Structure formats: structure tokens, C-alpha cells
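Visitor: Please put together the full structure from these sequences, using the hints given.
Line order of the protein sequences matches chains P and B.
Position one of the first sequence corresponds to residue 254 (this note's numbering), numbered consecutively onward.
Position one of the second sequence corresponds to residue 8 (this note's numbering), numbered consecutively onward.
Hints were generated in silico from the structure; no laboratory data involved.
Quick caveat: nothing in here was measured; it's all calculated off a predicted structure.
Heads up, a few of these hints could be off.
[As the list claims (entries may be wrong)] Here are the simulated lysine-lysine pairs, DSS-like style, with alpha carbons at most 30 Å apart:
id	chain 1	residue 1	chain 2	residue 2
1	B	Lys-436	B	Lys-580
2	P	Lys-355	B	Lys-664
3	P	Lys-355	B	Lys-476
4	B	Lys-476	B	Lys-448
5	P	Lys-267	B	Lys-562
6	B	Lys-610	P	Lys-355
7	P	Lys-368	B	Lys-579
8	B	Lys-267	P	Lys-295
9	B	Lys-267	B	Lys-539
10	B	Lys-146	P	Lys-267
11	P	Lys-355	B	Lys-667
12	B	Lys-282	B	Lys-270
13	B	Lys-436	P	Lys-255
14	B	Lys-436	B	Lys-448
15	B	Lys-611	P	Lys-355
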Amino acid sequence: MKIVLAEDNEILRKSLSFFLTSKGFIVDQFSDGQEALEAIEKNSYDLILTDINMPGRSGMEITQYVRQNIDSPIPIIIFTSSGVEQTELDSFDIGANEFIAKPISPAVLLVRINKLLNIRL
Amino acid sequence: MKNIEFPIPHNETERLAALKRYNILDTLPDHVFNDATKLVSYICGVPIAHISFIDESRQWFKSEIGIGVSEVPREISFCQYTIMETKMVEIPDTLLNDRFKEDPNVTGGFKVRFYAGIPLTTPDGYNIGTICAIDHVSKELNENQRNALSIIAKHVINQLELSTKNIELNAQKKIAERAVLVKDSFLANMSHEIRTPLNAIIGFTDLLAQTKLDNIQRDYIDSVQIAGENLLLIINDILDLSKIESGNLTIDEHPFNLKKTLKHVYNLLKVKVHKDVEFNLFLDAELPENVIGDQGRLNQILVNLAGNALKFTEDGEVTISVKKVSETTDNYSLRFSVKDTGIGIQEDKLKTIFERFTQAEESTTRKFGGTGLGLNIVKQLVELQNAEIHVKSKQGRGSEFFFVLTYKKTDHIEIPTETFFEEGLGKLKILLCEDNVLNQKLAKSVIHNFGFELDIAENGEEGIALLSKNTYDLVLMDLQMPVKDGYQTTEYIRNEMNLTIPIVAMTAHSLVGEQERCYSVGMDAYVPKPFKQAMLLETIKTVVNKDVKLPPKRKIDLSFLEEMSCGDVNFKKDMIDLFIQKIPNEINQLEAAFNSNDMDVVKKLAHNMRSSFDIFMLEDFSNYLSIIEQEANIGHFTAESADKMNILHCGIIEVVKNLKEL
Chain P
254 MKIVLAEDNE ILRKSLSFFL TSKGFIVDQF SDGQEALEAI EKNSYDLILT DINMPGRSGM
314 EITQYVRQNI DSPIPIIIFT SSGVEQTELD SFDIGANEFI AKPISPAVLL VRINKLLNIR
374 L
Chain B
8 MKNIEFPIPH NETERLAALK RYNILDTLPD HVFNDATKLV SYICGVPIAH ISFIDESRQW
68 FKSEIGIGVS EVPREISFCQ YTIMETKMVE IPDTLLNDRF KEDPNVTGGF KVRFYAGIPL
128 TTPDGYNIGT ICAIDHVSKE LNENQRNALS IIAKHVINQL ELSTKNIELN AQKKIAERAV
188 LVKDSFLANM SHEIRTPLNA IIGFTDLLAQ TKLDNIQRDY IDSVQIAGEN LLLIINDILD
248 LSKIESGNLT IDEHPFNLKK TLKHVYNLLK VKVHKDVEFN LFLDAELPEN VIGDQGRLNQ
308 ILVNLAGNAL KFTEDGEVTI SVKKVSETTD NYSLRFSVKD TGIGIQEDKL KTIFERFTQA
368 EESTTRKFGG TGLGLNIVKQ LVELQNAEIH VKSKQGRGSE FFFVLTYKKT DHIEIPTETF
428 FEEGLGKLKI LLCEDNVLNQ KLAKSVIHNF GFELDIAENG EEGIALLSKN TYDLVLMDLQ
488 MPVKDGYQTT EYIRNEMNLT IPIVAMTAHS LVGEQERCYS VGMDAYVPKP FKQAMLLETI
548 KTVVNKDVKL PPKRKIDLSF LEEMSCGDVN FKKDMIDLFI QKIPNEINQL EAAFNSNDMD
608 VVKKLAHNMR SSFDIFMLED FSNYLSIIEQ EANIGHFTAE SADKMNILHC GIIEVVKNLK
668 EL
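Guide: Below is the structure:
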């Protein structure tokens, strides 16, 4: 299973990447939203994991682009440390499949990814 | 130019000087004078009345009715003639008076028909002004009205005298207050100057006493020690007195063990008891173990009273007894008594013994010594605790001093001191900041005696230099030093170097407020000079142990990172290194952006950094960033975010340090 991970915080990105890799996923990580989007357009992935606030493109923009421009149903998980309710509503509104508030629990993240990918443990 | 001519009193120069003394000319209206003027108008039934003063060129109205101007030239005034007289001048009809019938103020102007004026005569006999009744119609005063007018004149002069005296009094009061201030600071300075060398004398005598001595030398040293201690007592008495006088002596309220305190006083004095005297301590069975009050002052009062009792008793008994007299839900009332069978006090001296420099017998000083300040201090200390001291005495039979103090109850239970470091503190490394060579030498010997290592800095700046080079367990800090004093140095150590090292102030000042100042700049303890070795050691123990007992350093919770790393130690280490490498830098950037109000950068950095803190479970830091981010969103930083920024700055330094130690 191939995952795009877009997160600009290096420590979190590397940690998540390491964690998911340990769990058997292949992770392509990006710190810039634009680069992530380009990779999504070029390659085929099974899931997108994206932060909202990023240089290049925001997670919201990526989601919107994937749904509207690429017209792909790929599962998207948005995570953010913004505690604003509207952000969560907006995320689902533009087509995200999951919304996770930071700090992200690795176990919870794993469960959600698996659910979205229909993987049974 | 028209030559002005008017009658001039023979004593004009002195008269003008007298007027000047009252400082009344051109002052603001005053109701006392206005009332007097009204009274003149009522009593004499006239529309015009005034109180005026005449200087070299004018008649100035302190108070007037019906005139409407504040002054007139002297040469046109009627009163210029009145001040030539000693009695009242009354002109029933000015038109019939040769001097005035052509006067412009009669034919026109104020249209004066009737004039009655009394000179205002100072106690030393100068007519400085007048009090007048004036009418537009002719009239004659009756005897009562004339009397009343003279009485009012006298009152006006009295009033002037009074206010002048008040002004003088005020000036004198200011001088007196300044003198007290000067005296206080003189006493404080002198006692400082005396204590510093005394510190050295007592300290070195102490050290000398610990060396090998023969019996004669031992005897000499004992005498020097006793003399030194006595001298110190006297200086302390004087200092206490000056503190009480200036209102600087305050009563502390802390829980303390009452029975222990009393036994301590008893043990302290036991050694001084004459062989034919029985010294007792009687404690009421119902006496509370602990109370809230001023332990030190109780100690001082009892040592003073019992010390006196022992001094004046050659045979018989001296008894300290303490009894509970009453109890409420909050307080205990305790009666303290010091009773002796000594020489007693004559009845006519009982009232004066509490006065300063008074001893019952003039020969007392010669025979028994003492400053004559002790009982006065005791009295004031008792009164400061809202109580009264009483004395009963019969000459030749003995005396009893007693007082009832009210102490608050406490549920404080004394925790037995931990024996954690009791056996020894190990080889502590101590830094002494002290400029006085003698004190340096003394401290060096004492500290070496304790078995500690000592480095000495001549001043605060040197101390700081040593502190940044070496590691110490403790700093002993003199307060008065050249270059950087103890306060400045401590502030620097706490705020610039961010060190939590225990700092103990050592000072000969012992002024009220000084101790507070020491604590407020961040010192941990305070030892007055001349220091007692035991006290210094005790203080060192306390602060060093306190440091050990400080809340444990922030323990970094790596469980989240562990979960992420799935047990991979290397990856964990990589992330920690990344944190150490990135975060301090980011904090600096954040701080710079914060300080330059760059909202966008602050927003981005704060937001981004939160993720890093989350991984290291630094929830508090993450929250601080959230606050800073929110304020950046609003576009305005408040004191709160500035405060959080500060905490973050310091906290990150600590966290990074801890992470590096892992």
C-alpha cells in the first residue's frame, strides 16, 4: 500500500513516515503541498495523508484539487492542530474521508487508515 | 513728582519687620479673619468693616466688607493715623473733623462719615495694622461695641500669633524628623562599622579557642569571647532600639514550638546561674506545644528578663513560669512570668525602670553592668505584641515581671528534620563573594573547618566570572561590595545566567527590609554578621538540602515517540537529535519574529512547532504556542504571550539540556 504523506514539520513527518513504514506501508513524504500534489498527479497512491497548513499548497487545496480536478476517489485523511470546528466541517465538505486532530495518536491513525483501505488486521 | 508725606511711627523699621514676621501680606482669604470682619460689621451695625495691614506703601486688606479692593495707597488711608495711636480712634462725623472733612474719601470715594479703628498691636508692641468699622452716616459707638471691637482686635492678633507659631512648629518638626532620620542612619551605619571588625574579633577568637591552648591562654580567650559577645549584645540593643523608634521593627507571625523555645531559653541561661541560685522553668501542663507568633522576640524578652533576674539575684531562686490563662477557638492567652528573690526594686523606682538608661540604683551600672536599655526594649517588644508588661517588687525580697501574650492557634505539626544530609554534606564547593580581607580570611578558616572547599571573589563581577567558569554548590554573598554589590550580583546570576544555585546573603546590616530585599532578588537565605559557625553551617545545610528537595526537573515523556518508532532505538535517537538541532533555532526565530511583531512568521512558526512539541509530549509548551498563535492571528501580542514566550525560551533550554543528557 502506497501512501502520500504531506506534512511540513520535519520531526512529525519523519516520525509518521517511520511509523507507517514499520507497519508495512510505502510512504512518499513531502514537506511542500505543491510537490505532494505533483506526485499525486504523476503516480498512483492508495491513500493521502495531509496536514492543512503547509507551504506550497494547503491540505485543503490538495483535497479540493484531487476531488475536482483529478476527480479521484482516493481516501484522504486530513490532520491539523487547529481546534476550530469549522475546519473539520470544511474538510469533510470538500471531500476528505477522515479528519484527525493533532496530536495524532499513531494507533488511531493506523486504525483509520486500515478502515479506509478495508484492511482487516 | 509729588512728595508723598504721611505720618510715620517712630519705630517704623521695627514695625515693618514685625509685620513681615507674620507673613500675612498677600495671603489668600481666611475664614477666621472673614468671620471677625463680619462680627465687627454686626456688632457696630456698619456696612463697611475690614482687617488690614499697613506696610511701607499700602494698606492691604486681609478681609473686608463693603470695600471691594484688596489694597489702597497708604497715603490716602484713614488707618495711617490709627497706627500712630495706642487706642481706638473714633470719628463720629468726618465732616466735623478738621483733618478729614476735605478728604477725598469723605467728600467722594467711599463717602466715609463714620470711622472707628483699632490698631492691631503685636505682643511686642508694634501696630502692624487695623481693624475698622466704617459707615456712610454719622454715628457713635456705645461702650459695649467699643469693648467688643478691642476684643476682636486682640483675637485677630492671637490668631496671627497662632498661625505663625504653627508655621514655626512645622519647620521645627521637619528639622526634628530629619534629625531622627539622620540619627537612625547614623546608628545603622555605626553598628555596621562596629559589627564588621567585631565579626572578625569574635570569629578569630572562636577559631583561636579551637586550637591547643594552655590554661592561662584558655582563660584569656574565654574573657575575650565574653567581652566580644557582650559588646555584640550592646550593639544589638542599640540597633533594636533604633529600629523600634523608627517603626521598623515588626512582629513576625510564624508557627513555632513554644515548649522547645522556653527550654532553649532556660538552657541558654542555665550556664550563667550563680551557684547559690536555683533556676527553674515551670510550664503549665495545659501549655500548647505549638503556637503562631514571634519566636525570636519571645526569646529576646525572656532572655532579657531572666538574664536580669539572674544578674540581680545572689542567692535564692529565679523562676520562669508560663501558664495558660484562657483559650478561645482561635487563640491562647499565655501568662509569662519571671520571678526572682534578688535585690528587688524600690517602690518609687518601679515606674521609671522601663525608661531608657534608667537602672533602679545608680550604683547598679557600676556593680552589675548593662546598658540600661534592656527593660525599655522588653517593654516595647511586649507592647508591639499588643500586651503590657507589669512588675511587682519589694526591695530586698525580689521582683516579678509578667505579661500576657495572645498567640494564634496552629495545627502545624513540626516535621522532624530529615536526617538526609545530617551526617555530612560531602565536600561542598563554595564560592564566597566578599571584599573585606579579614572577613575573607575568617570565612576561609570556618569553611575549611566544615570540610568544604572555598573560592573567593573580591567582588560581584569576579564572582560571576568564577561562577561561569566553575561549578559550585553554593554562593556566600556579602551585600556591600565594590564594582557589583550582592543584590546586583544575585540578580545577574538569577536572570542572566539562569542559575538556581543556592545563594546565602551575609551582611552586617541587619536592617529591616534588607532581608526581604535579599529574598526578593532571589537569594535563598540570610546570615547576619558576625556569623556564628553553627548558624552558618545550619543555613548551608538548609539551603543545600532545599535544593535537593526541589521539584524534580522536567522529565521528558518519550512514550509517544516510542510508539511512533515501534521500539527502534536508533530512530528514537535520530528524532531526539533532530529536536535538539532544530528547536532552539526555531525558538530563536520565533522570538525574533515575536519581538519585531512579524505576525505571519509567528503564526507559521508557532503552528509548525506545536507538532514537534506534541511528539515529545510537551503539552504545556504546545499550549503556550497555541496562545501565541492565537494572538498572532488577532494581530496583537499581550503580556500573556510575552510571558509565555519567556517561559518557552527558558523551558526549551532546559528540555534540550535534559535531552542531551539522555
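Visitor: Does the structure keep Lys-436/B and Lys-448/B at a Cα separation of 30 Å or less?
Guide: holds (17 Å)
Visitor: Check whether the Cα positions of Lys-267/B and Lys-539/B lie no farther apart than 30 Å.
Guide: Judged against 30 Å, a Cα distance of about 21 Å means the pair holds.
Visitor: Does the alpha-carbon distance linking Lys-282/B and Lys-270/B stay inside the 30 Å limit?
Guide: Holds. Lys-282/B to Lys-270/B sits at ~20 Å (cutoff 30 Å).
Visitor: With a cut-off of 30 Å on the C-alpha distance, tell me whether Lys-476/B and Lys-448/B pass.
Guide: holds (23 Å)
Visitor: Does Lys-610/B pair with Lys-355/P here, judged by a C-alpha cut-off of 30 Å?
Guide: The given pair, whose Cα atoms are some 17 Å apart, holds under the 30 Å limit.
Visitor: Are the Cα positions of Lys-267/B and Lys-295/P separated by 30 Å at most?
Guide: violated (86 Å)
Visitor: If you draw a straight line from the CA of Lys-146/B to the CA of Lys-267/P, is it 30 Å or shorter?
Guide: It is violated: about 115 Å lies between the C-alpha atoms, which goes past 30 Å.
Visitor: Can you confirm whether the C-alpha distance between Lys-436/B and Lys-580/B stays at or below 30 Å?
Guide: violated (35 Å)
Visitor: Tell me if the straight-line CA distance from Lys-355/P to Lys-664/B falls inside 30 Å.
Guide: holds (26 Å)
Visitor: Are Lys-355/P and Lys-476/B close enough, with their CA atoms no more than 30 Å apart?
Guide: Roughly 43 Å separates the two Cα atoms, so the pair is violated.
Visitor: Does Lys-562/B lie within 30 Å of Lys-267/P when you go C-alpha to C-alpha?
Guide: Holds - the C-alpha atoms of Lys-562/B and Lys-267/P are around 23 Å apart, at most 30 Å.
Visitor: Holds or violated: Lys-436/B and Lys-255/P, Cα atoms, limit 30 Å.
Guide: Answer violated: Lys-436/B to Lys-255/P is near 60 Å, above 30 Å.
Violated hints, listed in ascending order, are 1, 3, 8, 10 and 13; each of the other numbered hints is respected by the structure.
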